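Asker: Those letters in the sequence shown? Residues 0 to 276, per numbering that gives the first Met the number 0, in order.
In case anyone wonders, no lab produced these hints; they're calculated from the structure. Computed from a prediction, not measured in an experiment: that's the story for all the values here. Each hint should be verified, as a subset may be incorrect.
What the hints assert, rightly or not - Taking CB as the label site, the calculated pair distances span: (1) P275 / A174: 14 to 22 Å; (2) A174 / P150: 16 to 24 Å; (3) G115 / R94: 16 to 24 Å; (4) P138 / D224: 35 to 43 Å; (5) D227 / T258: 38 to 46 Å; (6) E221 / S141: 36 to 44 Å; (7) H276 / T200: 34 to 42 Å; (8) E113 / P150: 22 to 30 Å; (9) E176 / R116: 25 to 33 Å; (10) P161 / H276: 20 to 28 Å; (11) R178 / T249: 38 to 46 Å; (12) R178 / T258: 18 to 26 Å; (13) D172 / G209: 21 to 29 Å; (14) S117 / H166: 29 to 37 Å.
Backbone N, C-alpha and C define an ideal beta-carbon position, used for all residues, glycine too.
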Amino acid sequence: MDDEHRRPLGISRNFPRHGVQVSDLQHAFEVRFDTRVQHVVKVRHDRATRRGRDGVLHHQDDAMQPEGTRMTDVRPAVDVFSDWAEAGRDEGMERGHAPAVGEMLAFGLTRTAELGRSFRAIDVGCGNGWVVRQLAAMPFCSHAEGVDGAPGMIEKAKRIDPEGHYHHAMLPDWAPEGRFDLLVSMEVLYYLHDPAAMLATFRESWLQPGGWAVVGVDHYAEHEDSLDWPEKVGVHMTTLSEAAWLEAWTNAGFEDVETWRAAGDPGTLVIAGRCPH
Numbered sequence: 000m001d002d003e004h005r006r007p008l009g010i011s012r013n014f015p016r017h018g019v020q021v022s023d024l025q026h027a028f029e030v031r032f033d034t035r036v037q038h039v040v041k042v043r044h045d046r047a048t049r050r051g052r053d054g055v056l057h058h059q060d061d062a063m064q065p066e067g068t069r070m071t072d073v074r075p076a077v078d079v080f081s082d083w084a085e086a087g088r089d090e091g092m093e094r095g096h097a098p099a100v101g102e103m104l105a106f107g108l109t110r111t112a113e114l115g116r117s118f119r120a121i122d123v124g125c126g127n128g129w130v131v132r133q134l135a136a137m138p139f140c141s142h143a144e145g146v147d148g149a150p151g152m153i154e155k156a157k158r159i160d161p162e163g164h165y166h167h168a169m170l171p172d173w174a175p176e177g178r179f180d181l182l183v184s185m186e187v188l189y190y191l192h193d194p195a196a197m198l199a200t201f202r203e204s205w206l207q208p209g210g211w212a213v214v215g216v217d218h219y220a221e222h223e224d225s226l227d228w229p230e231k232v233g234v235h236m237t238t239l240s241e242a243a244w245l246e247a248w249t250n251a252g253f254e255d256v257e258t259w260r261a262a263g264d265p266g267t268l269v270i271a272g273r274c275p276h
């Protein structure tokens, strides 16, 4: 992997609400993002531009949409994202998502550090693999991999990082070979027919006991500007409220579930939960 694809996430503020302090990360992890300088993981505080992000699209099953008009005859979201990878729009998605993902990783890595050992991580919906590469750079990360349903994205991830672990597969059918201490996912879950069932599968089969899942979504009921995205892009999205997402996590059996808005207003809705021991 060349230096061009090593991009620090940049975190510069604390998160006392979640017990996440930059000092916690300084003691826990140092990350080599290029061949010359080691950087402590930081969380960027500057606000992401919320319009024109071009990566905030989610497939929804009609049965999962509680309100509004149900759509038919739309393109699979994975086809849309493959086209975007070929057109180079994945890099814009990466830049747009980086501030929220920085907060998500700060939270998840701090919780993972509390395990007191090396960790395994997976990015669900990894796109071109940029988060997998960040995770793999962590000194205490023993293994990092990514999975994505868009073949164009996985092809690009493998071109950038031939030695990385990237899977082209569709959820919920695919399952990883091992379990993980940290699962991260940005803008994926409501592509699925039943996101609540996928959450339960994460807890039951993907995560180690005590492992954490941290998920970010930009399309949710309280984010009014996002509600016309399905029509504009022509893909299904499951539109759920914050309360509905929180209930889904609790019903899936996660403990210590937390939610917050990351990187701006209205911001990315982030939900995190721990797999019981």
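Asker: None of the hints should be skipped; say for each whether it holds.
Answerer: Outcome of the hint check:
no.	hint	verdict
1	P275 / A174: 14 to 22 Å	holds, 20 Å
2	A174 / P150: 16 to 24 Å	holds, 19 Å
3	G115 / R94: 16 to 24 Å	violated, 34 Å
4	P138 / D224: 35 to 43 Å	holds, 40 Å
5	D227 / T258: 38 to 46 Å	violated, 24 Å
6	E221 / S141: 36 to 44 Å	holds, 38 Å
7	H276 / T200: 34 to 42 Å	violated, 19 Å
8	E113 / P150: 22 to 30 Å	violated, 37 Å
9	E176 / R116: 25 to 33 Å	violated, 20 Å
10	P161 / H276: 20 to 28 Å	violated, 37 Å
11	R178 / T249: 38 to 46 Å	violated, 21 Å
12	R178 / T258: 18 to 26 Å	holds, 24 Å
13	D172 / G209: 21 to 29 Å	holds, 27 Å
14	S117 / H166: 29 to 37 Å	violated, 22 Å
Violated hints for the displayed structure, listed by number in ascending order: 3, 5, 7, 8, 9, 10, 11 and 14.
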